[in-house]
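> Chains A and B supply the protein sequences, listed in that same order.
Plus 423 on top of the position in the first sequence (first one is 1) and you've got this note's numbering.
Plus 423 on top of the position in the second sequence (first one is 1) and you've got this note's numbering.
Hints in this document: simulated from the structure, not taken from any laboratory.
A portion of the hints provided could be inaccurate.
[As the list claims (entries may be wrong)] Residues of chain B clear of chain A, computed beta-carbon distances all greater than 12 Å:
(1) Met424
(2) Gly434
(3) Asn453
(4) Thr463
(5) Leu469
(6) Pro477
(7) Asp478
(8) Gly498
(9) Phe522
(10) Thr608
(11) Lys615
(12) Ser624
(13) Asp645
(14) Lys683
(15) Gly717
[Unchecked claim] Partial chain B-side listing against chain A, Cβ under 8 Å, derived:
(16) Arg575
(17) Ser673
(18) Gly704
Model, not experiment: these values are computed from the prediction.
Ideal Cβ positions, reconstructed from N, Cα and C, are used throughout, including at glycine.
Protein chains: 2
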Amino acid sequence: MIAHIAIDIGGTRMRAASYSPTSLTPIKINRIPSRVLGTTPQIRLLDLVNSVWPDDEDVESIGVASAGPVDHEAGIVMTSPNIPELNNFPLSDYLLQHFDVPVMLGNDANLAALGEWKYGAGQGHDHLIYFTISTGIGSGVIMGGHLLTGSRGMASELGHTNVLPDGPLCVCGQRGHLEAISSGTAIARWVKAELDNGVPSTLSKIQPVTARDVAEAAGQGDELALAAFERAGTYLGRALADFLHIFNPSIVIFGGGVSKSADLFIEPVRIAMKKHVISPGYIENLIITTAALGDDSGLIGAQW
Amino acid sequence: MIAHIAIDIGGTRMRAASYSPTSLTPIKINRIPSRVLGTTPQIRLLDLVNSVWPDDEDVESIGVASAGPVDHEAGIVMTSPNIPELNNFPLSDYLLQHFDVPVMLGNDANLAALGEWKYGAGQGHDHLIYFTISTGIGSGVIMGGHLLTGSRGMASELGHTNVLPDGPLCVCGQRGHLEAISSGTAIARWVKAELDNGVPSTLSKIQPVTARDVAEAAGQGDELALAAFERAGTYLGRALADFLHIFNPSIVIFGGGVSKSADLFIEPVRIAMKKHVISPGYIENLIITTAALGDDSGLIGAQW
Numbered sequence: 424m425i426a427h428i429a430i431d432i433g434g435t436r437m438r439a440a441s442y443s444p445t446s447l448t449p450i451k452i453n454r455i456p457s458r459v460l461g462t463t464p465q466i467r468l469l470d471l472v473n474s475v476w477p478d479d480e481d482v483e484s485i486g487v488a489s490a491g492p493v494d495h496e497a498g499i500v501m502t503s504p505n506i507p508e509l510n511n512f513p514l515s516d517y518l519l520q521h522f523d524v525p526v527m528l529g530n531d532a533n534l535a536a537l538g539e540w541k542y543g544a545g546q547g548h549d550h551l552i553y554f555t556i557s558t559g560i561g562s563g564v565i566m567g568g569h570l571l572t573g574s575r576g577m578a579s580e581l582g583h584t585n586v587l588p589d590g591p592l593c594v595c596g597q598r599g600h601l602e603a604i605s606s607g608t609a610i611a612r613w614v615k616a617e618l619d620n621g622v623p624s625t626l627s628k629i630q631p632v633t634a635r636d637v638a639e640a641a642g643q644g645d646e647l648a649l650a651a652f653e654r655a656g657t658y659l660g661r662a663l664a665d666f667l668h669i670f671n672p673s674i675v676i677f678g679g680g681v682s683k684s685a686d687l688f689i690e691p692v693r694i695a696m697k698k699h700v701i702s703p704g705y706i707e708n709l710i711i712t713t714a715a716l717g718d719d720s721g722l723i724g725a726q727w
Numbered sequence: 424m425i426a427h428i429a430i431d432i433g434g435t436r437m438r439a440a441s442y443s444p445t446s447l448t449p450i451k452i453n454r455i456p457s458r459v460l461g462t463t464p465q466i467r468l469l470d471l472v473n474s475v476w477p478d479d480e481d482v483e484s485i486g487v488a489s490a491g492p493v494d495h496e497a498g499i500v501m502t503s504p505n506i507p508e509l510n511n512f513p514l515s516d517y518l519l520q521h522f523d524v525p526v527m528l529g530n531d532a533n534l535a536a537l538g539e540w541k542y543g544a545g546q547g548h549d550h551l552i553y554f555t556i557s558t559g560i561g562s563g564v565i566m567g568g569h570l571l572t573g574s575r576g577m578a579s580e581l582g583h584t585n586v587l588p589d590g591p592l593c594v595c596g597q598r599g600h601l602e603a604i605s606s607g608t609a610i611a612r613w614v615k616a617e618l619d620n621g622v623p624s625t626l627s628k629i630q631p632v633t634a635r636d637v638a639e640a641a642g643q644g645d646e647l648a649l650a651a652f653e654r655a656g657t658y659l660g661r662a663l664a665d666f667l668h669i670f671n672p673s674i675v676i677f678g679g680g681v682s683k684s685a686d687l688f689i690e691p692v693r694i695a696m697k698k699h700v701i702s703p704g705y706i707e708n709l710i711i712t713t714a715a716l717g718d719d720s721g722l723i724g725a726q727w
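Isolated chain A, as found in the complex (with noise of 0.2 Å):
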């Protein structure tokens, strides 16, 4: 028997999993904090794979989800968020060497919409848009049935689009973007400014309020965190129109840690969207909706 090891490396864990060609449950699987003191990533990485290694299959290949953008053809990682120890690695001949399986590197999103596309909420949809929305907003895009990669890999970084010019600042360094307006971060962050101004909720107990604490809050009638679901729906809604207006997919998926509160705001991305774009045909038979594979959309993704 044969199988495949998919790896996840993002900002605070590192998950491996080893899967048979067959089946979507893995053989085995583990996860690591991505820093630990006194050790590398690197070194963390090999007993990790090491750890999900199968005992009876041949592994024929290793895939990697990294978060933030990376060189595919190259393999090799440009910008690993919280784990500077990554910047600029060649994570791929890396790998290789140490295990002597052919190794495939892509962005996290990315292989997350390959993952939902092939295996998830995205089945029977060659036209498919998948938004990963948790301290940031990645994305990835299936154009007929082909991941967009563009011409050096770095296509797809619809959160990077602007959505409110001189808007809030991004982690990029420019303003306005939708992952400044939209994100659980920006969505903390928006909370966090209108207590500071004096508005009653009871985040106000809260020290520093996350996009989570926002969502419970919410859950029990919080009016300050229903309108920071509502803000960052409406605008996510609009960009949508626009993302509508130069792919038009069939489908459109959010996962990540915020999509878990899709019932908060849907609702107001549905809303502006259908009041943003330029004709009813662009969602007349258009699927929104969350991700089926849940966390592990760019771990399933990552087999290859």
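Following the hints, put chain B in place on chain A, whose structure we already have.
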């Protein structure tokens, strides 16, 4: 010998040409106004095709580039700007019945992108964005060697993306779209508003002002005219930064009437684009140029 016929249906004129498979120089070419009182565009289109039908070659296919949205699969013109008789008209069936030759219908900007990619400025670039800037802003995108069409053929409407919330009204009914700020119509409209505000200019003697008038005045150093192109270019460059994040192309090509004044807006485009990209990698080897096939991009791209 065999030949292909290509048709380009625009708001003001219809053009047709016959081509042998080995040359971009037409066997025959002809053009007529799109609308004439006392006859239908359909009948005149048949006359136009007959007028370019080759004497000695067998016609193998007819390709039609039509302005505005089309249903590519069904061969139906959805909306034809300025030719209401063609709205929702099954053009492919109509031509097939009359000429007994297979017909392919596409959006003109999409087919112009194909033309520039195969035979023009975009040769060798499999990740390409083409803009036609004239009355409006049309666009076509080649990604990984495939024309971006979307699930219903309605993709790549890059002119209808928001660059200025609550900005100028677009012909589509939305506000602040790129087309409403950087098209020829928008340039002329902005100049008119400035003139109405009392801004001095040599253009104050002209009624009504067109984008061509503005270009001529700019060529003679008129400050208002120069400012109009700088404004249009700056917004175009900012939007382009986002399109680079989305598509990561290796080349951007400008066609259409306004692109003949590229020297007036390309520098503001470059400055704004450079200022707004999230990584220099997006512009390092990026080529920005004008259409090599000029007005024939769409006609040549309609061959198949």
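> So, for every hint listed, does it hold in this structure?
Consistency of the hints with the structure:
1. The non-interface label for Met424 (chain B) is consistent with chain A: the shortest C-beta to C-beta separation is roughly 34 Å, beyond 12 Å.
2. The claim that Gly434 (chain B) is not at the interface with chain A holds, since no C-beta of that chain comes within 12 Å of its own (minimum 18 Å).
3. With 12 Å as the threshold on Cβ separation, the claim that Asn453 (chain B) sits away from chain A holds: the shortest Cβ distance comes to roughly 33 Å.
4. At roughly 26 Å from the closest C-beta of chain A, the C-beta of Thr463 (chain B) stays outside 12 Å, upholding its exclusion from the interface.
5. Residue placement check: Leu469 (chain B) keeps its beta carbon more than 12 Å from all beta carbons of chain A (closest about 29 Å).
6. For Pro477 (chain B), the condition that its CB be more than 12 Å from all CB atoms of chain A holds, with the nearest at approximately 34 Å.
7. Non-interface call for Asp478 (chain B) relative to chain A: holds, since the shortest CB-CB distance, roughly 39 Å, exceeds 12 Å.
8. Even its closest Cβ contact with chain A, about 16 Å, leaves Gly498 (chain B) beyond 12 Å, as expected for a residue assigned away from the interface.
9. Every CB of chain A is more than 12 Å from the CB of Phe522 (chain B) (nearest about 29 Å), matching its label as outside the interface.
10. Under the 12 Å C-beta cut-off, the non-interface status given to Thr608 (chain B) relative to chain A holds; the minimum distance is some 16 Å.
11. Distance check on Lys615 (chain B): its Cβ is at least 24 Å (rounded) from any Cβ of chain A, clearing the 12 Å threshold; non-interface status holds.
12. With a closest Cβ-Cβ approach of about 27 Å to chain A, Ser624 (chain B) is found to remain outside the 12 Å limit, as its non-interface label requires.
13. Distance check on Asp645 (chain B): its Cβ is at least 28 Å (rounded) from any Cβ of chain A, clearing the 12 Å threshold; non-interface status holds.
14. At roughly 26 Å, the least C-beta separation between Lys683 (chain B) and chain A is larger than 12 Å, which holds for a residue marked as non-interface.
15. Its beta-carbon lying about 25 Å from the closest one in chain A, Gly717 (chain B) satisfies the requirement of being farther than 12 Å from that chain.
16. Here the hint on Arg575 (chain B) is kept, as its CB sits about 6 Å from the closest CB of chain A, short of 8 Å.
17. Checking Ser673 (chain B) against chain A by beta carbon gives a least distance of about 4 Å; that is within 8 Å, so the hint holds.
18. The restraint placing Gly704 (chain B) at the interface with chain A holds, with a minimum CB-CB distance near 6 Å, inside the 8 Å limit.
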